[in-house]
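Number of protein chains: 2
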Amino acid sequence: MKVEHYSRTAAEPVEGVPGVTVRWVIGEKDDAPNFAMRIFEIEPGHSTPYHQHDWEHEVLVLDGEGVVRQEGGELRIRDGSVVFVPGMEMHQFANRGESVLRFVCLVPI
Amino acid sequence: MKVEHYSRTAAEPVEGVPGVTVRWVIGEKDDAPNFAMRIFEIEPGHSTPYHQHDWEHEVLVLDGEGVVRQEGGELRIRDGSVVFVPGMEMHQFANRGESVLRFVCLVPI
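As they're listed, the protein sequences go chains A and B. Numbering of the first sequence is given in my numbering, commencing with residue 56 and proceeding in unit increments. Numbering of the second sequence is given in my numbering, commencing with residue 56 and proceeding in unit increments.
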């Protein structure tokens, strides 16, 4: 068993995506067999790329305010928002608040 | 894509486990292919069973204070604590604080 505060895992910059960091808090290094847990932090005014891929995201927003963009529009998110992005759907997370937008995001391994 | 506050999903009692509820916020009903997201709430003085099973847990504590019990002892958890429980490890989550212990817990489907 591993028990550790998320802040003990380094926040790594995301290449080519200014204002966004990721902490891989549970993953292959822990011998997780099926899925990985990451914590993202997006600075005010910044966002992840608008993109798609063949794996899903399961997200819970922890702090801050923003939007998730999908084909056809945007939906507001805040602490406690749950987001399920199926594989191959276009998506983007954007901070529209004045503090960090922090969320936990799980992906299959 | 699904975007919904976690509180929109009903908190269901856990059979045989007083003081504990679970919300299945992402799962098979959403066509999630690999893993499910649940939010647990444990009332003060209550706990989940001390048990084991062949699948893993990936947990992030959202609110409250407590311990996770494993073979050989207990470790303290609070908001921001990350817990990885590999398959077949004995484990129990107990609320030792004065408010609800709330955590998100993911399991394979």
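Because the hints were derived from the structure by calculation, they are not lab data. Don't take every hint at face value.
Copies of the same chain look alike in the list, so a pair counts if it works inside one copy or between any two.
To be verified - Computed cross-link-like contacts, DMTMM-like style, restricted to lysine to aspartate or glutamate with a CA-CA straight-line distance of at most 20 Å:
#, residue 1, residue 2
1, K84, E153
2, K84, E120
3, K57, D85
4, K57, D109
5, K57, E98
6, K84, D134
7, K84, E129
8, K84, E98
9, K57, D86
10, K84, E59
11, K57, E153
12, K84, E144
13, K84, E126
14, K57, E70
15, K57, E120
16, K84, D118
17, K57, E83
18, K84, E67
19, K57, D118
20, K57, E144
Measure nothing new, just compare the shortest in-copy and cross-copy C-alpha distances for K84 and E144 to 20 Å and report within, between, both or neither.
Classified as between: cross-chain Cα gap 18 Å, same-chain 28 Å, threshold 20 Å.
How would you classify K84 and E153 at a CA-CA limit of 20 Å: within, between, both, or neither?
neither (34 Å within a copy, 35 Å between copies)
Go through the copies and call it for K57 and E70: within, between, both or neither, with a Cα cutoff of 20 Å.
For K57 and E70, the Cα distance exceeds 20 Å both inside one copy (28 Å) and across copies (27 Å).
Can you tell me if K84 and E67 fall within 20 Å by alpha carbon in one copy, between copies, both or neither?
Within one copy only: 16 Å inside a chain, 34 Å across chains, cut-off 20 Å.
Between the shortest in-copy and the shortest cross-copy C-alpha distance, which are at most 20 Å for K84 and D134: within, between, both, or neither?
The answer is neither: 28 Å in one copy and 23 Å across copies each exceed 20 Å.
Copy assignment of K84 with E126, given that the CA separation must stay at most 20 Å
neither (35 Å within a copy, 22 Å between copies)
Alpha-carbon proximity context of K57 and E120, limit 20 Å:
between (30 Å within a copy, 17 Å between copies)
Given a CA cutoff of 20 Å, do K84 and E98 count as a within-copy pair, a between-copy pair, both, or neither?
neither (27 Å within a copy, 33 Å between copies)
State whether the alpha carbon distance between K57 and E98 is at most 20 Å within one copy, between copies, both, or neither.
neither (29 Å within a copy, 24 Å between copies)
First find the shortest C-alpha distance between K57 and D86 inside one copy, then the shortest across copies, and answer within, between, both or neither for a cut-off of 20 Å.
within (11 Å within a copy, 29 Å between copies)
Can you tell me if K57 and E83 fall within 20 Å by alpha carbon in one copy, between copies, both or neither?
Classified as within: same-chain Cα gap 13 Å, cross-chain 27 Å, threshold 20 Å.
At 20 Å max between alpha carbons, let me know whether K84 reaches E120 within a copy, between copies, both or neither.
Intra 31 Å, inter 27 Å, cutoff 20 Å: neither.
Of the numbered hints given earlier, the model fails hints 1, 2, 5, 6, 7, 8, 11, 13, 14, 16; all others are met.
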